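2 protein chains.
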Amino acid sequence: MRTTNYLVATLRETPSDAELISHQLMLRAGLIRKLASSAGLYSWLPTGLKVLRKVEAIVRDEMNKVGAQEMLMPMVQPADLWEESGRWQEYGDELLRLQDRHNREFCLGPTHEEVITAIIRDDVRSYKQLPCSFYQIQTKFRDERRPRFGVMRAREFLMKDAYSFHVDSDSLNETYEKMYQAYCNIFDRLGLTYRAVIADTGSIGGSASHEFHVLADSGEDAIAFSDGSDYAANVEKAETLAPQQSRPEASKSLEKVETPKMKSIEQLTKHLEVSANQTLKTLLVEGVTEEHPVVALCLRGDHELNTIKAEKHALVAAPLTMINDDKISQIAGCNSGSVGPVGLDIPVLVDRDASVMADFICGANETDYHFTGANWDRDANLMEVIDLRNIVEGDASPDGKGKLTIKRGIEVGHIFQLGSKYSESMGANVLNESGKAATLEMGCYGIGISRIVAAAIEQNHDDYGIIWPQAIAPFTVAIVPMNMKRSHRVKEAAEQLYQQLQENGVEVILDDRKERPGVMFADMELMGVPHRIVISDKGIDAGTYEYKHRRDNEKVDIEQQNVLNFIMEKLQTAQ
Amino acid sequence: MRTTNYLVATLRETPSDAELISHQLMLRAGLIRKLASSAGLYSWLPTGLKVLRKVEAIVRDEMNKVGAQEMLMPMVQPADLWEESGRWQEYGDELLRLQDRHNREFCLGPTHEEVITAIIRDDVRSYKQLPCSFYQIQTKFRDERRPRFGVMRAREFLMKDAYSFHVDSDSLNETYEKMYQAYCNIFDRLGLTYRAVIADTGSIGGSASHEFHVLADSGEDAIAFSDGSDYAANVEKAETLAPQQSRPEASKSLEKVETPKMKSIEQLTKHLEVSANQTLKTLLVEGVTEEHPVVALCLRGDHELNTIKAEKHALVAAPLTMINDDKISQIAGCNSGSVGPVGLDIPVLVDRDASVMADFICGANETDYHFTGANWDRDANLMEVIDLRNIVEGDASPDGKGKLTIKRGIEVGHIFQLGSKYSESMGANVLNESGKAATLEMGCYGIGISRIVAAAIEQNHDDYGIIWPQAIAPFTVAIVPMNMKRSHRVKEAAEQLYQQLQENGVEVILDDRKERPGVMFADMELMGVPHRIVISDKGIDAGTYEYKHRRDNEKVDIEQQNVLNFIMEKLQTAQ
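Chains A and B are the protein sequences, given in the same order. Residue numbers for the first sequence follow this note's numbering, so the first one is 25 and each next one is one higher. Residue numbers for the second sequence follow this note's numbering, so the first one is 25 and each next one is one higher.
Think of the hints as simulated: they come from the structure by calculation, not from any bench. Warning: the hint list may mix true and false statements.
Note that identical chains are pooled: a pair holds if it fits in a single copy or bridges any two copies.
Said to hold, decoys possible - Below, computed lysine-lysine pairings styled on DSSO-like, alpha-carbon distance capped at 30 angstroms:
| hint | residue 1 | residue 2 |
| --- | --- | --- |
| 1 | 538 | 202 |
| 2 | 58 | 460 |
| 3 | 152 | 515 |
| 4 | 261 | 445 |
On a predicted model such as this, the values are computed, not experimentally measured, just so you know.
Please work from the sequences and hints to get the whole structure.
In structure tokens form, the structure reads like this:
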């Protein structure tokens, strides 16, 4: 490509409404444009689309390799299908509903479980056709309340969504494993640093789920991962191991101390001159049974409650609901700052780490008083020990290997064992080996293609612009000729190299705009072209071209006659 | 691909709601499925998508070759942009309008003139960046009143739309010519019989427009084309040449004859025992000026009025409107069956062929009476001679070369010189060479990608199913092994050939389903795979495989060791 025949569309100024670095750089490098005044709607300019298509091609290739079959489903979907699955009512405002000219109800598809299930229930009738997997790479729409961060959280976006169908859960597991591996291959090939993270299966149910996160400081999610194994999980999801040490013997006696107007752990530790890990915090939440309308949750003072973990307990109401001050006073006889387990006549669920404390400080169930020297069993009943807290940096990895580190990630993929959620409500059965109707088991596997482009930039940029991993660079080589307007030699040399590279199938951009060198360098750096060749009269005099990789600072002079081989080798070996 | 790992999805029965053969075959061959009860919404199953992607790839390649740059614009478009161009009000019910969660107005884009013009007005500022062309291959939506014929007239469909921008009309002409040629290349490569047809520029204005039609008996449009040149035009648009013979001298005298209750040319010719080409029909239509509120149009009795041509005359109101019986009686003093030009005191516009008639029969402006032996000038005023009729088969080609034939066509492409329609209303200017603001000239170039798939089938099928042109076949070679279940030799031979073909980059399908031969043959024929190899024990005994091309009746035995070369050569040479 020649820049004179190409919409370079770089911008010098950083657009004022772009907060995130990838959003800024995608606008500045001429990858995308916002559609008029419409938040969350973007056009992909030629440079952006080249990157998008490369991501798409890698995803497609890996899907084909695991035997998934590509199809293409409509973007506009009828309400009846969503009523079959029950999601027409369930799905929130992100589902954009619309009516056609005959006032029939439709939606713009944010996902295609209903459509694929309807197809498969008609066209797959026997276990002999199973397992089978289908995918599409398609524009989706989600009516985000507050679209932002460019294509990272846009309303219209490109996704790969895949669905697998099985006669039983063993088969689902097997395909799930293959898909997991295909996702790893995809992110490896994209040249991105990522983690496969154990995810919460949430309200959909289903047995297994992993998110794939590209690591970047700006990521929305906190991920805990081990420095000694592959273990990685969303911070909310990561399990804390039972402490290795057992509970020390009680060595102090229970004493009540005055703690006037102290309601926080911070105030308490300051006042009593102790550290937070010697204190116990007690939270009263709504129970789920009539017998136990209120339940106490106890954690070490320096730990944070993990609501997802708490909600999983059979006695605890979900969503987790703290009881109000009046009720606290009824149950514990004090305000919320002085609640403690001693003498409390309700179920007391204790976090693993809190359960091995001895001689701890806790509320005395009397406003403005705490106990010191409290001990489990002797002073307070401990109904059950469970995992109740968020993990913290340095915790042992749940798989027993290494310690946990916390980093931020951008979710770009999600794989999910759906089980029979859709096949059951929509009546998708096959005949199994014994000739009986069996409800299909399903998996679904998503990747945000357009989101990956933004995530790749978040992970790979510097002050000058984007630094593309070679596999998804819009161009892999830039030729920047100096003074091409006047120097016939430079022009000829540039044209020759351009032609040679093209003949070798290299995606090369020749900057033939006759701009000042500074402008050309800045544009090629902003656009993140990995390999750059500068051709100048001075170089030609010395028989050399100047080479620089976008990630490196130093420039190298390459003998003119070796330059083609040099670049071809670089393209083979570089990332 | 192996059929055991592939959604073959063929149907034996012809679906009852499919009228058109391509629609039937696309359903039966497992190319598409209708989305639940939603007319005009289709999912593309794996086989259909393979074809669609091949068409797409050829279109993309030819667009790239003429230097058009690919981009991707949003499907959902804001109302404000369409208000800028004035089309938010103008566009009919086919524009599906919708509201987002904040009640802002949007539409699903059936076309992207507004979006691309908005992008270019911001990002292209100087004549130095011109000319430039952009295209996208994207799902479009048109809320058809009565979607039908499968993907031929669907609501959601895949289109390539391209737009070019120019500093003046010379540059537009130049790109238009290139695009015209690119379109010819596309249809040549697709292996389809087509015609580029001069199209009516309609209400958009603009100076040139061509439609590209795939010829097929089921086509919606009638196309006239020359047997002696490249000339082709929509029947409505094709000009009729002035007759070569001049008007004969009058040889009969004007006589009034009784023609009781005869209102049609057919009744008249039967009664008077003359042929229709000796009669003249006179139609009274609304005029456009106050001076001439009614205008008479005269044609030979065997010719049909072309309303588009009539509407172009300065005196005739558009849309063309016949005046009612009361008014006819006022003007001509008779009913509509007896109107004629003799003594008529209104403008009389006469078709070229009607103008060279002599001694003709026409209405006598007296109910139930006609004249015989009527002659222009002597008996009736002839205000102006113009082209008023539809061409008929056998007419001379307007370019003077050969005669016209009429065939039916399916419109699959349309190229159009838009001029400044959008750039003017949306204020898209560039600085020209003299530094002054110049309004951009625009061209637009569409191809219906999904429609081409259906049109290709309309043109290429037989009683057994689809016959794909090789360039867009979902698979080019089918291997059909006989009795693979029991014969180890057959299985081994089939697997070996399958592997060899794959290694040579051939898109081969191996039917390893262990179905009866009849089922396998029927499926491969229905799906239209061009080359078929049958492997059987009997063949192996004789050292041969059986080959058959989908278009041929005869089968050929190929020596086992030559089969790979044989197929590779067939793939090189076949269409």
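Evaluation of the provided hints:
no.	hint	in the structure
1	538 with 202	between (51 angstroms within a copy, 27 angstroms between copies)
2	58 with 460	between (54 angstroms within a copy, 28 angstroms between copies)
3	152 with 515	between (64 angstroms within a copy, 19 angstroms between copies)
4	261 with 445	within (22 angstroms within a copy, 57 angstroms between copies)
Hint compliance for this structure: every hint is met.
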